[in-house]
Amino acid sequence: MKRGSFRFLMLFFMALSLWTMTVSKIQAQQQYPVRPIRLVVGAVPGGGQDITARIIAQKLSEYLGQPVVVENKAGAATMISGEAVARAAPNGYTLWLTASAMAINPSMYKKVPYDTIKDFAPISQVIAMPNVLVVHPSLPVKSVKEFISYAGSRPGQMNYASAGIGTAPHLSMELFLSMTGLKMIHVPYKGGQVTEVVSGYVPVMMMNTLMAVPFIRSGTLRALGVTSSVRSASVPDIPTIAEAGVPGYEAVQWYGILAPAGTPQEIITVLHENIVRALKDPGVRKLLMNDGAEPIGTSPEEFSAFIRAEMDKWSKIIRSAGIAGQ
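Heads up: the sequence shown begins at 1 in the numbering used here, then just goes up one per residue.
For the record, the hints were derived by calculation from the structure and aren't laboratory data.
Hints are supplied without guarantee of correctness; some may be wrong.
Now the in silico label distances, taken between C-beta atoms and shown as ranges [claimed, not checked]:
hint: 1; residue 1: Lys280; residue 2: Ser199; range: 16 to 24 angstroms
hint: 2; residue 1: Arg231; residue 2: Gln31; range: 40 to 48 angstroms
hint: 3; residue 1: Gly152; residue 2: Ile117; range: 34 to 42 angstroms
hint: 4; residue 1: Ser143; residue 2: Lys280; range: 30 to 38 angstroms
hint: 5; residue 1: Lys316; residue 2: Gln265; range: 30 to 38 angstroms
hint: 6; residue 1: Gly75; residue 2: Ser299; range: 44 to 52 angstroms
By construction, the Cβ of each residue, glycine as well, lies at the ideal position given by its N, Cα and C atoms.
Let the hints inform the model, and build the full structure from the sequences given.
Written as structure tokens, this is what we have:
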């Protein structure tokens with residue numbers, strides 16, 4: 001065969017291969033989905049994860065032309081829901097709306113029933129929700145700097161509450177303590193912690209904005225700073241902890257959506273485009289922001305990198321606090 005003919009055939013087959021791949025991608029996008037999609041949530045109905053999932057699921061159902069059904073699988077710090085999704089067929093019909101616990105669990109627990117990195121295909125981070133450092137009004141402090149000075153003069157004498165060991169509010173406080181050098185006593189609860197702080201029995205807590213805002217506005221609790229790197233749109237008058245005295249501090253609760261590893265890229269693309277589209281919808285944004293959340297919408301690559309960074313960050317805090325290995 002002449003060199004020119006061979007070169008022509010090579011170019012022809014390369015063009016044919018590219019055309020076939022493009023057609024396959026278009027067909028996959030046109031055909032998916034053809035039946036209902038499960039959005040698995042590792043929390044009970046009515047909580048922040050569940051509410052977020054249902055808001056997004058409603059829009060996705062509208063955009064995709066198929067029902068997106070929220071399925072609650074609470075328990076084991078979201079690991080029950082994660083295992084269910086990791087073991088599901090990678091076909092785009094089972095998704096996981098997960099939370100910050102996903103990045104915390106590998107360092108907190110000796111046995112996690114899936115590989116956090118290898119068993120999932122990240123699609124998009126959907127929201128970020130800062131915590132707020134709140135104190136009982138009886139505490140004679142009105143700023144982060146005053147709190148650091150007050151607590152610093154009482155090492156090991158002050159208590160702070162949380163919703164439990166290894167929860168996002170607990171680790172947010174541990175990060176704060178590690179960056180300020182403060183020594184405080186952790187009092188974990190399995191419920192009722194808000195009542196204890198409001199009553200003043202335990203004077204300090206990191207509390208998510210959704211829960212904290214009503215108490216802050218009524219004067220029942222005093223807010224010192226939010227844990228995000230920028231001020232929260234839901235409480236813009238409260239400074240960040242970073243700007244109020246602890247440069248570089250950041251710790252947010254977040255939710256994101258993932259699929260089982262091996263889900264075709266074409267399907268990931270369809271899901272990503274429509275999730276981001278939902279998060280840009282004015283009605284969806286209003287509902288999420290009313291609950292103290294900041295709509296995000298990142299690329300799969302950005303979300304993957306974010307998860308790895310979060311795992312590294314919390315691993316260091318968990319080790320330094322001596323709370324690993326449960």
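Hints and how they fare:
no.	hint	result
1	Lys280 with Ser199: 16 to 24 angstroms	violated (42 angstroms)
2	Arg231 with Gln31: 40 to 48 angstroms	holds (44 angstroms)
3	Gly152 with Ile117: 34 to 42 angstroms	holds (39 angstroms)
4	Ser143 with Lys280: 30 to 38 angstroms	holds (36 angstroms)
5	Lys316 with Gln265: 30 to 38 angstroms	holds (33 angstroms)
6	Gly75 with Ser299: 44 to 52 angstroms	violated (31 angstroms)
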